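Chains A and B, in that order, give the protein sequences. FYI, our numbering numbers position 90 of the first sequence as 90, with every residue one higher than the one before it. If you count the second sequence from 1, you need to add 1000 to reach our numbering.
Simulated from the structure, these hints should not be mistaken for lab results. It should be emphasised that the depicted structure is a prediction, and the values quoted were computed from it without experimental measurement. Among the hints, erroneous ones may be present.
Distance ranges between label pairs, derived from CB positions [stated by the list, open to error]:
1) B:R1009 <-> A:D261: 17 to 27 Å
2) A:N318 <-> B:Q1063: 30 to 40 Å
3) A:G198 <-> B:E1066: 33 to 43 Å
4) B:R1009 <-> A:N227: 25 to 35 Å
5) B:P1029 <-> A:S90: 43 to 53 Å
6) B:D1062 <-> A:E171: 44 to 54 Å
Positions of the beta carbon are idealized from the N, C-alpha and C atoms, including for glycine.
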Amino acid sequence: MTQPRKAAALISGGLDSLLAAKLMLDQGIHVEGINFFTGFCVEGHTHAIRSKDKNKPKRNNALWVAETLGIKLHIVDVIEPYKEVVLNPSHGYGANLNPCLDCKGFMVGKALEWIQENGFDFIVTGEVIGQRPMSQRRDTMPVIARESGAGDLLLRPLCARLLPETKPEREGWVDRERLLNLSGRNRKPQIALAKQYGFEDYAQPAGGCCFLTDAAYSKKLADLWENRGEKQYDLDDIMLLKVGRHVRPKPNMKLIVARDDGENNFLSGYKKRFTSLYSVSHKGPLVLLDGEADDADLELAARLVARFGQGRDADAVNISINLNDGSSREMVISPMPVNEIPQEWYV
Amino acid sequence: MSHHQLDARNLLCPMPVIRTQDAVTKLAPGEVVEVVCTDHGALNDIPAWCRINGHKVIDTRDQGREVIITIEVGQSD
Ligand code: SF4
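I would like the entire structure built from these sequences, with the hints used as guidance.
Here's what the structure looks like:
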């Protein structure tokens, strides 16, 4: 018997990539999933952090898709190489800081490297023409195939019949007639297909597959770049943007204020890297200070920290300040009145 | 049989899964690795990853702040 052809399917965890991979399995293709972790992915993190979300199931959707389909899943850490995509996207950003077109090209390019290393024949994605304003347009889909280097090794089973024939179709590895011709933003055909296959409980992310499509998140990232004076980030930076209330009283310092016990625990893991503050005389949140602060700045920070704790109406609150050089001290201050905190300080 | 330890503390999912995956690739079938995590999401994700990829979860222990998941590497195909 001849060996089945092998496809690597990009699995985001959403419905489209689930269906695309399923269509390939139906045609007797050996499918394995690849999921790229960029650091911005909308996965369990925030659930894992916030106490109020503790009882929601914390499942990883890409793993769920793979298990539902009975295929292997390879999760690939692309945090480092992905930075170039976010920092300098040649096709620019979408509505927020989402560089979708460059991102898709990057991921398909990485998938190409992967299939070459692992002896697979082609790449499958769940893209649908016209589904997303930037990366999934009729005119941008060839850009992804071309710039990734994948060319006609890239098959999009959900809309393949509206696109030029690819190698897997030409060579007869897959039957073009059994591929789909979906287009547009209407999700009904996918939902109907899911029902037909008996898929339930699949994830339906609202905006997109990552935090970069989120306006509030993008604003925090832009603020970070602007005030650091350079467009750079590391994994800690982008994780912390998902956590806490962010308050920037001055360009040189930002406070990250925990909103509940879960965030308190999470932020306490960063005490070595950042200066941290909390009230010792009253209950209150743990606060990280990002930036360089002099004594006057620390006093301002301490007054803000007091404002977010139960001592907000007290005359004096004792704040413990633990500098990231290991030294610590206490400062007795009066909490900053709520009406003295300008709205613009909230990032 | 060799017994390995993997420190995945202070990492958020899916990083503990990625570290587990990288560690397991380097091990032979039958070898055992104990993964220590602080993200409780790993209690779902690592067993799911093991089921998908044919490895066996021998034990999971929730110790409050830390969770420990012990895996036996399956046969590679
Ligand atoms: S939403 Fe995020 S992960 Fe998805 S294509 Fe756009 S930039 Fe990439």
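For each hint, the structure was consulted:
1. B:R1009 <-> A:D261: 17 to 27 Å: holds, 19 Å
2. A:N318 <-> B:Q1063: 30 to 40 Å: holds, 33 Å
3. A:G198 <-> B:E1066: 33 to 43 Å: holds, 38 Å
4. B:R1009 <-> A:N227: 25 to 35 Å: The hint (25 to 35 Å, Cβ to Cβ) holds, given that R1009 (chain B) and N227 (chain A) are roughly 30 Å apart.
5. B:P1029 <-> A:S90: 43 to 53 Å: holds, 45 Å
6. B:D1062 <-> A:E171: 44 to 54 Å: Holds - the Cβ-Cβ distance for D1062 (chain B) and E171 (chain A), about 50 Å, lies within 44 to 54 Å.
Comparing the model with each earlier hint shows no violations; every hint is respected.
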